[in-house]
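Colleague: Sequence:
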Amino acid sequence: GLRAGAVVVVTSTVGAAAVRAAAAELAAAGVATVDAPVSGGPVRAGAGDLLIMVGADDAALELARPVLDALASTLVPLGGVGAGQDMKTVNQLLCGIHTAAAAEALALAQRLGLDLDAAVDVLGQGAAASFMLADRGPRIAAQLRGEVPPTRSRLDVIAKDMGIVGDLARELKVATPVAGAAEQLYRVGLAAGLHAADDSVISTILTSAEGTR
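Per my numbering, the very first residue in the sequence shown carries number 118; after that it's consecutive.
Among the clues, some could well be false.
[As the list claims (entries may be wrong)] Lysine to aspartate or glutamate pairs mimicking EDC-like chemistry, simulated, CA-CA at most 20 Å apart: (1) Lys277 <-> Asp315; (2) Lys277 <-> Glu288; (3) Lys290 <-> Asp203; (4) Lys277 <-> Asp203.
Since the hints were derived computationally from the structure, they do not count as laboratory data.
Work out the full structure, taking the sequences as your base and the hints as a guide.
Modeller: Put into structure tokens, the structure is as follows:
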């Protein structure tokens, strides 16, 4: 139903192959594609404070810019269609690892009898600090206390993204053992039926073997 000259903006994380295939079909109908995966989560989206990684030609980007500028505080053109997805894949590799690492660290802190809120605060002020620790840490702490925080970042989404990371790494023959370990942790969560839970729930998987949820 789109008219020739329209532009489709793809903000989902789907991988470069998928967005290039869609762009080829759209181009046959005279429709341009802007590959524009986002990073920052729902709170930053509501504030127009997302990072958007863009793969598009200049003409398509200019057509989409009013929409993208409303969503993003940082808009980074990276090349043609697919370049945005490639950069988002690299981004998600780190996000997936950092979330899993935060869950491991706080699970250990809990076993040591440390105050989890204090641990999040202390870790966030030193060399161990990361965006994912600051964002996920309070929810991980809540999960470890047996609470169920609101779902802000679904487990099945990060599992899907880490699957894209793994597929691309295998295709390019790049060893990503740490990302692979994180991906398997998320898959354990899926196997437990936690698809719609907040991804902080993986912390309970790390401790559940000894019955401390």
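Colleague: So, for every hint listed, does it hold in this structure?
Modeller: Verification of the supplied hints:
no., hint, result
1, Lys277 <-> Asp315, "holds, 14 Å"
2, Lys277 <-> Glu288, "holds, 17 Å"
3, Lys290 <-> Asp203, "holds, 15 Å"
4, Lys277 <-> Asp203, "holds, 15 Å"
The earlier numbered hints are all upheld by this structure, with none contradicted.
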